[in-house]
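2 protein chains.
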Amino acid sequence: MKHLRQFGGGTSEGRSKDKMLLGGKGANLAEMASLCLPVPPGFTITTEVCRFAMEHGAGNYPAELPGEVDAALARIEELTKTKFGDATHPMLVSVRSGAPASMPGMMDTILNLGLNDSTVVALANQSGNERFAWDCYRRFVGMYGEVVLGVTAKSESDPDPFDEILDEVKKQHRANRDQDLNAAALKDAVGRFKAKVREVTGKDFPDDVKTQLWGAIGAVFQSWNNPRADYYRKLNGISATIGTAVNVQAMVFGNLGDDCATGVAFTRNPATGTAELYGEFLTNAQGEDVVAGIRTPEPISELTRTLPAAHAELVRVAKLLEDHFRDMQDLEFTIMKGQLFMLQTRSGKRTGKAMVKVAVDLVAEGKLTEKEAVLRIDPAKLDEVLHPTIDPKARPTPVGKGLPASPGAAIGRVVFTAGAAEEWANRGERVILVRTDTSPEDIHGMKAAVGILTARGGMTSHSAVVARGMGKCCVTACTSLRVDAPKKTAMFVGGGKELRLKEGDIITLDGSTGEVFLGTAPLVPAQLASELGTLMKWVDRFRTLKVRTNADTPTDARTARSFGAEGIGLCRTEHMFFQPERILAVREMILAADEAGRRTALSKILPMQRGDFAELFRVMDGLPVTIRLLDPPLHEFLPHAQKDIDEVAADMGVSSAVITAKVSELTEANPMLGHRGCRLAITYPEIYEIQSQAIAEAAAEVAKEGITVLPEIMIPLVMVPEELRRLRALVIEAVDPILSGASIPYTIGTMIELPRACVVADKIAEHADFFSFGTNDLTQTTFGLSRDDAGRFLPAYLDSGVLPVDPFVALDPDGVGALIELGVRGGRATKPKLKVGICGEHGGEPSSVELCHRMGFDYVSCSPFRVPIARVAAARAALSSEKPS
Amino acid sequence: MKHLRQFGGGTSEGRSKDKMLLGGKGANLAEMASLCLPVPPGFTITTEVCRFAMEHGAGNYPAELPGEVDAALARIEELTKTKFGDATHPMLVSVRSGAPASMPGMMDTILNLGLNDSTVVALANQSGNERFAWDCYRRFVGMYGEVVLGVTAKSESDPDPFDEILDEVKKQHRANRDQDLNAAALKDAVGRFKAKVREVTGKDFPDDVKTQLWGAIGAVFQSWNNPRADYYRKLNGISATIGTAVNVQAMVFGNLGDDCATGVAFTRNPATGTAELYGEFLTNAQGEDVVAGIRTPEPISELTRTLPAAHAELVRVAKLLEDHFRDMQDLEFTIMKGQLFMLQTRSGKRTGKAMVKVAVDLVAEGKLTEKEAVLRIDPAKLDEVLHPTIDPKARPTPVGKGLPASPGAAIGRVVFTAGAAEEWANRGERVILVRTDTSPEDIHGMKAAVGILTARGGMTSHSAVVARGMGKCCVTACTSLRVDAPKKTAMFVGGGKELRLKEGDIITLDGSTGEVFLGTAPLVPAQLASELGTLMKWVDRFRTLKVRTNADTPTDARTARSFGAEGIGLCRTEHMFFQPERILAVREMILAADEAGRRTALSKILPMQRGDFAELFRVMDGLPVTIRLLDPPLHEFLPHAQKDIDEVAADMGVSSAVITAKVSELTEANPMLGHRGCRLAITYPEIYEIQSQAIAEAAAEVAKEGITVLPEIMIPLVMVPEELRRLRALVIEAVDPILSGASIPYTIGTMIELPRACVVADKIAEHADFFSFGTNDLTQTTFGLSRDDAGRFLPAYLDSGVLPVDPFVALDPDGVGALIELGVRGGRATKPKLKVGICGEHGGEPSSVELCHRMGFDYVSCSPFRVPIARVAAARAALSSEKPS
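Protein chains in written order, with my numbering: chain G, 1 to 885; chain Z, 1 to 885.
Hints are computed from structural coordinates only; laboratory data are not their basis. There could be a bad hint or two in this list.
Identical chains blur together in the list; that is why a pair holds if it fits in one copy or across any two.
Straight line, CA to CA, 16 Å or less: simulated EDC-like cross-link-like pairs of lysine to aspartate or glutamate [stated by the list, open to error]: (1) K381 with D230; (2) K2 with E821; (3) K234 with E722; (4) K763 with D814; (5) K196 with E78.
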């Protein structure tokens, strides 16, 4: 059993597929070497050795490893015609981490290893460049001192000890910049670095190159468990037990003169997807200089002028690698004395736009099948394609950061009330509604605004849900924001500073990152390229899951249909109730003393609801429309402002005091768990009766126009089968005379959104034609977590990794998912062909869509702007679960 | 296959065990007949026939039935030497329902069947009493007209048509009472009754006795499905498919003269259990006269004077039946011309006190084994034995009715605030705290009061839980009550009337029925008879489930230990936080700006908590004490009154405005699902750290006194295993140095109170030494039902039978129970010996205790006054699940 794999010199013991064993970097170095590409020779110590060391204690390795390392070093020496630690032709190596999953910058790297007081002289002689040699040496001692020997700043506020020394040296040698230091000054710096190491560690800096190497290997392995890496893994759901590989590779130098360079390149433009070599380089530099940002790199095209042969070689290699991996590659290279060396290749990160274009182009070029192209799409990244975004090239510094609740970007003037939003918007201003939190009463303000910013809430709080439904940019839970709406001011606090906002100030929101900027940030509009259309055609061929939309208005429904929605999965009737001309009647219904009073008020609402439904049916001609009967706690509709109370009182002919008392009586301790959903209809059956009547009359009216109407009536918040049995009978009694008369088929189903409903789903299914899982509420009740309040502690849960992901964003497979599976199994045990869907916010989140596919759902339903995302996710899920043919 | 069973005349085709087939009444009539007791002959048509008719349509019976009925009638004729419809010796029969489960008064009965214009003359001649005969006839026509022919009042507000006629007849004949009507008047009434029947039904009243009989049989079968019976079955969980039997039996008359009587008797005193024949009778009357309450019955002992032979026979029969059924019997009898006839026997309903005494006495008399006696105990009824009750003999009319939240009775003066309660109590007054709802801040007022009455809440709302914990009478959800605390008044509204209460008015609460009375109702104190002690000794021998208590104070703990508690299953540390000398420090902790501030405040609380825990450990010497770390949302502790805000602000050296702002910031939309439970410790670990320290220090201190301390530290509201993993480590770090040093064994476990925790219990168990199911919160989240708000609609659910029982009272087996089972299975899959308990309010409810036993729990924990109930329920559960030996 070998503990390392060698590469370079025309052979290679590993391949790209060996990522678990060799890490991403090592596997691809091996692959490049196997393609006879110019890779400096080296070897990769496997992740198994890392796991061995984790198990047996740091620094403990398999007994055979030292011998294998020696043999591998000998082979590098032979290929490079150098010798490790040799006083005339010294070999230098880099020691780099490389885990199976990409963890950029999280672990440690050491360059120029193999230098000591004698080899540095040889390097100077050999290169004819004394300054170069000493610069390598001081970089090595600094890096090694920090990473391996632990000579670091005592606290975050203290300066780095080596930086401090270098600053002193620069002062003494009157140098402004690092590159102004001459060989003598650098030699001085090395001496002082070493003295510092002795002072801190009590030991001399190791001169022996083997000691150096083993120290570096150990440090890289141990960096797997540094807190930074640990945190990164938790956030990204990477297992802590995998371990990292260590890559030891002969150094090549981009800093040996003007015929040397170092750079990065993408085989296609990662912003647009255009097929062009894209990247930048620095002449006469080492890799870390690019990162440090001391000099401005030049675009790759410049290389044709300065080093044309190397450029031609890079173009050749890039094409070869892209063809080989059949994907856009992100390359690291060094040019030493005009000769190109490849140091890394991997799949390149790209924008949503580039992702789509590259995938479609690669199919056109015959390099990918359509299925493969679809599997290359990250559905979540499609968001960027569908919404305007902040220009990534001109990104200002944010003044605040919240949750990216609804994507896209928005620029507008700050207003603090829904009324002001409408007022300013009516004047033609673009406004951003800034609130502590929004309530359903703010809906008109949200409609009037181009973006919404709230101090509280979360990814699925009211503001987030409504904003996504509207395709409107929204940032929630911006915890540093303090809003004082009465005074028309707000403040960003934190870091000891305060920044005041007043009405009319312009801000920019980035709903894709949660960032808030003062003033106008440059935007890039959404451009729906033709490639997206091509892609979506493939997608629809592959998926089996239907995709519907959550839409309450004809506008939303039209948008969603244009995005490919195959019906409405959730129409929330209550959103129609908030319109100003209706809210009065709704309030009268709630505040009525008896059934007769409620019926009077409901009869005012009936024709309006009928009109709403008719219009939705028209837009969705031929597609099913699921209408949920009234769900929210009634007190959400209650008047709170004195003016509103007086209005209701006058209209109902009672005193304002009576209304005030009723409002206070209806106040609930936990409205989410209160008098809502079908509980409203158990106590006041006339509400559902009249809503059902409105649906049936609308359907009959529209059917006469020749439109195909497929109404599905949905009863929310069922906890016991008996609720559904009764309410189904009530709905049938209200709609059947009308619908059967007009030969309109209809179904009656229920939302499954309480844990109990999942558990007794077999019994509930006896009275249901379909189940629609309401995963927002199901997540709330399963976790015992209010999405309105979670903003106070959920960020801490996510930051510290107690929760890997916000369960309101991605469906929790272990908890909520397990209950849903129970529910689907129960329901289908009673009715094998029971239609099953999801209408929570998760219906548009890729991992959740995949989970729904696996659990045998018939459809998902999501907000209009997420429909394309869900379609792609559904296709990917179908392809992933295909048996290999 | 026979469709009926005959009885009487020395033989009997059925037995007591045939209740499913013959109904309770029929089976016991058969049993009595088989014992050669004086039962008028008759037959029982089986419940199978009822089911046949339900399946094939009303009035459709098995083809053989008419022949069997004829044969059975012939046998009665033979035994009674009468003939059905005969003009000289007519046979009259009663036709009565009788279901397998007792459904008193829910279905129909017809007496005196067989009368018509010719048989009535014969009856008059035969009895020599013309008035008697016509009285029977008018009773029969009225009863038959209503029940079989449907001649009833048009609506509830209209008068009964036969009553209306009888009133007219009385007016015409100048009679005040029914018994003042002579034969002629009654004959007149019969004529008019028949005319009414013709008017309403368009048909003549049937003269043919067979037609009468089949009409009556059909009506009784159909009454199984009348709405009243349907409702009763839903409420009592009786299946609608069982059906009723019909009993046809020769009439005997208690109204033939002064040597006749009718009555009811218990073989023992049903109020006290004393072994004495107890009951009452009416001379010269028919059964319905007793119910109608027109005449006052006489005590059974009077019968020795008036009809000594019949009395002696009744004593003989009573003893025989009690010995035979080995339980106290409830008898119905008629004496005709000095001869006793038995019409019914069944187990007698009795008070809790009588229940215990009868069971223990029957064992002493050698009639029951100890196990049988325990199985005869209804644990819920023990409540009556443990609390004072309102004298059932002198029960006034209630002015309001709520939920019976905590049993017993209380009399006191009305106060409307916790402050007033303490003030009045300090003056030596007994007070009843009347609130819209109570909050934790009211706890001192509740302590000061003898009873609590709230307009809102439910069986497990704050007031109910705390009151039961204190063993204090409490009525919640008194929906007709409107409280205006600032004005120190309250009002009972409803029925168009208003009744005002002011501070200081005396009221009486019945916590066992939920009734509220004005003024002082007479009370009967709790008397713990020696029989209870005997019973509890048996109980403890049989049960396998341990019974602990929920106790937060040494007083509660002492009470519970005296009731037999075997440890504390739940000590809620937050209740200690509300004490006046602590609340300030608690508020400072919550309002602190940072960890340092919180630690300063916590360090003030530490010594006080240490003292609390030490005292609990002393009381529970040798028994385990489970202490739950802080659970409720912090805002529960926040100051709301300006005075309190100012006090906190002054103590913390900040402005009141800062505190007001912080209070508003901490306000939650759904606190039940908010920042509470172990979420507090994920964000502020120091809270649990210092509480753990207080527990450990208290344990070490008390152990030095020679007391055996068994601390169990419990972490609430875990939703993901990672929470528990971290907090367990935190607790161990805080307590282990102290406890291991003092060699005190301890365990760390968790509450399972969220659906997600049940689902991932296998993973949670990795970090838990025990599970304690928090069924209050688990019920809330499983049902999506806030117990604070459910009062607005849960009564409607229970009244209409949508829910058979309040899930906060009895553990819901199908939903919550299924999740618990999942949790137990998961936990024990990881740790087969995992200790499992329950600490919700259900821990003291008999059906829930039985469910816990079946699911393999180790213990239940309940409020102190429920400990004996839980012990009995546990014993019954163990005995019920015993394999027959």
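Now the hints, each set against the structure:
1. K381 with D230: neither (26 Å within a copy, 58 Å between copies)
2. K2 with E821: neither (45 Å within a copy, 50 Å between copies)
3. K234 with E722: Only across copies: K234 and E722 sit 11 Å apart there, 44 Å inside one copy, limit 16 Å.
4. K763 with D814: between (24 Å within a copy, 10 Å between copies)
5. K196 with E78: Answer is neither: 36 Å inside a copy and 124 Å across each miss the 16 Å cutoff.
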